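K.L.:
We have chain A; now place chain B onto it with these hints.
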Amino acid sequence: MVLKLFLGIWICAVIVLGLSLPMVAQPQHWYELPIVPGLEDKARIVFFHVPTAWLSVIAFVSSMIYGIRYLRGRQPEDDIKSASAAGLGFLFCVLATATGAIWAKVSWGTYWNWDPRQTSIFVLLLIYGAYFALRSSIEVEEKRAALAAVYSIIAAVTMPFFMFIMPRILASLHPEPILNVQGKIQMNTTMLLVFLSSLAGFTGLYYWMWNLHVRAQGVELHRIQS
Amino acid sequence: MPSIEPAHPSWLLSVVSIFRKDWQSELRTRYAISALAMFVITTISVILFSLGSEGAPPAALSGMLWVVIFFAAMSGLSRTFVAEEERGTAMTLQLMASPSAVLLGKLLFNLVLVMALNSVTVVLYGALISGFVIRTYSIFLVTIALGSVGLAAASTIIAAIIARANTKGTLYPVLSFPILLPLLLTVINATRLASEGALFEEAYGEFQVLISYIAVVIATSYMLFDYVWKD
Numbered sequence: 001m002v003l004k005l006f007l008g009i010w011i012c013a014v015i016v017l018g019l020s021l022p023m024v025a026q027p028q029h030w031y032e033l034p035i036v037p038g039l040e041d042k043a044r045i046v047f048f049h050v051p052t053a054w055l056s057v058i059a060f061v062s063s064m065i066y067g068i069r070y071l072r073g074r075q076p077e078d079d080i081k082s083a084s085a086a087g088l089g090f091l092f093c094v095l096a097t098a099t100g101a102i103w104a105k106v107s108w109g110t111y112w113n114w115d116p117r118q119t120s121i122f123v124l125l126l127i128y129g130a131y132f133a134l135r136s137s138i139e140v141e142e143k144r145a146a147l148a149a150v151y152s153i154i155a156a157v158t159m160p161f162f163m164f165i166m167p168r169i170l171a172s173l174h175p176e177p178i179l180n181v182q183g184k185i186q187m188n189t190t191m192l193l194v195f196l197s198s199l200a201g202f203t204g205l206y207y208w209m210w211n212l213h214v215r216a217q218g219v220e221l222h223r224i225q226s
Numbered sequence: 001m002p003s004i005e006p007a008h009p010s011w012l013l014s015v016v017s018i019f020r021k022d023w024q025s026e027l028r029t030r031y032a033i034s035a036l037a038m039f040v041i042t043t044i045s046v047i048l049f050s051l052g053s054e055g056a057p058p059a060a061l062s063g064m065l066w067v068v069i070f071f072a073a074m075s076g077l078s079r080t081f082v083a084e085e086e087r088g089t090a091m092t093l094q095l096m097a098s099p100s101a102v103l104l105g106k107l108l109f110n111l112v113l114v115m116a117l118n119s120v121t122v123v124l125y126g127a128l129i130s131g132f133v134i135r136t137y138s139i140f141l142v143t144i145a146l147g148s149v150g151l152a153a154a155s156t157i158i159a160a161i162i163a164r165a166n167t168k169g170t171l172y173p174v175l176s177f178p179i180l181l182p183l184l185l186t187v188i189n190a191t192r193l194a195s196e197g198a199l200f201e202e203a204y205g206e207f208q209v210l211i212s213y214i215a216v217v218i219a220t221s222y223m224l225f226d227y228v229w230k231d
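Chains as they are written, first to last, in our numbering: chain A, 1 to 226; chain B, 1 to 231.
Hint data in this document are derived by calculation from the structure and do not stem from the laboratory. Only a predicted model underlies this, so the values are computations on that prediction, with no experimental measurement involved. Treat the hints with care, since some could be wrong.
Derived coverage of chain B by chain A (criterion: at least 3 residues anywhere in the stretch with Cβ under 8 Å from a Cβ of chain A; other residues may be distant) [claimed, not checked]:
#, region
1, 164-171
2, 175-186
3, 218-230
In silico negatives: residues of chain B with every beta carbon more than 10 Å from chain A [unchecked claim]:
#, residue
4, Leu-12
5, Ser-25
6, Glu-26
7, Ile-33
8, Thr-43
9, Pro-57
We treat Cβ as the ideally placed atom computed from N, Cα and C, and that holds for glycine.
In isolation and in its complexed conformation, chain A is listed as follows (with noise of 0.2 Å):
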């Protein structure tokens, strides 16, 4: 209970802050945060984008990692900690795809340019939704949490080639998310700050929220069980 209130405290300050501290070309004081030139208000953006598409990475590898514990001990709680991490995964990766177009609109000119950015959340998202067609399709449960955990770890191994693949094919406009080329932070101390309060806030309601999920349906389990 204090935990919960703690955490939606916590957001709405990240949430106070991120949109009203002014920006300023050259911050004196601690509350003023630095302009990003070329995008002014709209790097704003980073404070709740970047949040979201750094969970719906999360939550697809801590699926796999239940999905692989699930292989290696049959236990049906796994499986349930695995399918959740993976629905609000799924949740997440809307949520940057649609903010991350709605950015995109606003200073690219368009919603959606087959970026490198935008082309490997697409195909994150599809994972998503080939996991749950998968799962949907299969009522043995047994068989269900194994094919589905098979499934995404097949899915995490040929992920990682598109670091590869993009940068040979299409040169990228997303701007940097923390560091840029040569390893510098482009923020300020308050900007830091501000960001990384809000990826440990969301990370903490992704956290709750996954709870949750795998709470009730652990009570939903052991009501078919009894």
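P.N.:
Same frame as chain A, now just chain B:
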């Protein structure tokens, strides 16, 4: 953990006999071969009709070649595993042979099927679509060969997965596409290089990606096949 069998003579023998069994039953019904052949002919004629007298840029044509190959593969390659489930012979096969032998036998069968499919498709595509010209044959041949192996490798393990599901036909391309996309993007790029007359060395990057993709997919399939195959 999956059991790793040594390359025992009897293991190799069961790989070969599974391949021969599939091959003979394929020759008896010609299900996959005729479906694949008709699919390729239909798709190429659709492309021909839609292009009409107007040509298309070589980059688009080299992409479309792989569209034909991808969807043709999706119409025939799931057969090896789906047929076992439909005939009710999967159980017997589980008792008779080790999982890795089943996987390898089926992989060999799909590989032969894809090789045959690709040679027919490439010949027909090159003969019928006038704008499609290959200038560097070495790149093109290596791309087709590596692309076939990669396509067979990924589609065999996905076929094993969907054979256990209810909606097999529609699920197959849905599950395969995200897995095959790295391969498709790479072979399309390599085919474009071949049609532009690039030097063989320029396609090394593509070949490296293809070879590592094949290695990763086959190794993963080998490790995970036990969980898919055994009940």
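K.L.:
Are the hints correct? Go through all of them and say.
P.N.:
Tested hints:
Evaluation of the coverage hint for the region 164-171 of chain B: fulfilled, as 5 residues show C-beta separations to chain A shorter than 8 Å, against a requirement of three. For the region 175-186 of chain B, the stated coverage by chain A is satisfied: 8 residues place a CB nearer than 8 Å to a CB of that chain, which reaches the threshold of 3. Requiring three or more residues with a Cβ within less than 8 Å of a Cβ of chain A, the coverage given for the region 218-230 of chain B holds, as 5 such residues are present. No Cβ of chain A approaches the Cβ of Leu-12/B within 10 Å, the least distance being about 26 Å, so the stated non-interface status holds.
For Ser-25/B, the non-interface assignment is confirmed: its Cβ lies about 25 Å from the closest Cβ of chain A, beyond the 10 Å cut-off. Distance check for Glu-26/B against chain A: the nearest CB is about 26 Å away, which clears 10 Å, and the non-interface claim stands. Every C-beta of chain A lies more than 10 Å from that of Ile-33/B, the closest at about 27 Å, which supports listing it as non-interface. Distance check on Thr-43/B: its Cβ is at least 22 Å (rounded) from any Cβ of chain A, clearing the 10 Å threshold; non-interface status holds.
The claim that Pro-57/B is not at the interface with chain A holds, since no C-beta of that chain comes within 10 Å of its own (minimum 16 Å).
The structure is consistent with each of the numbered hints, conforming to all of them.
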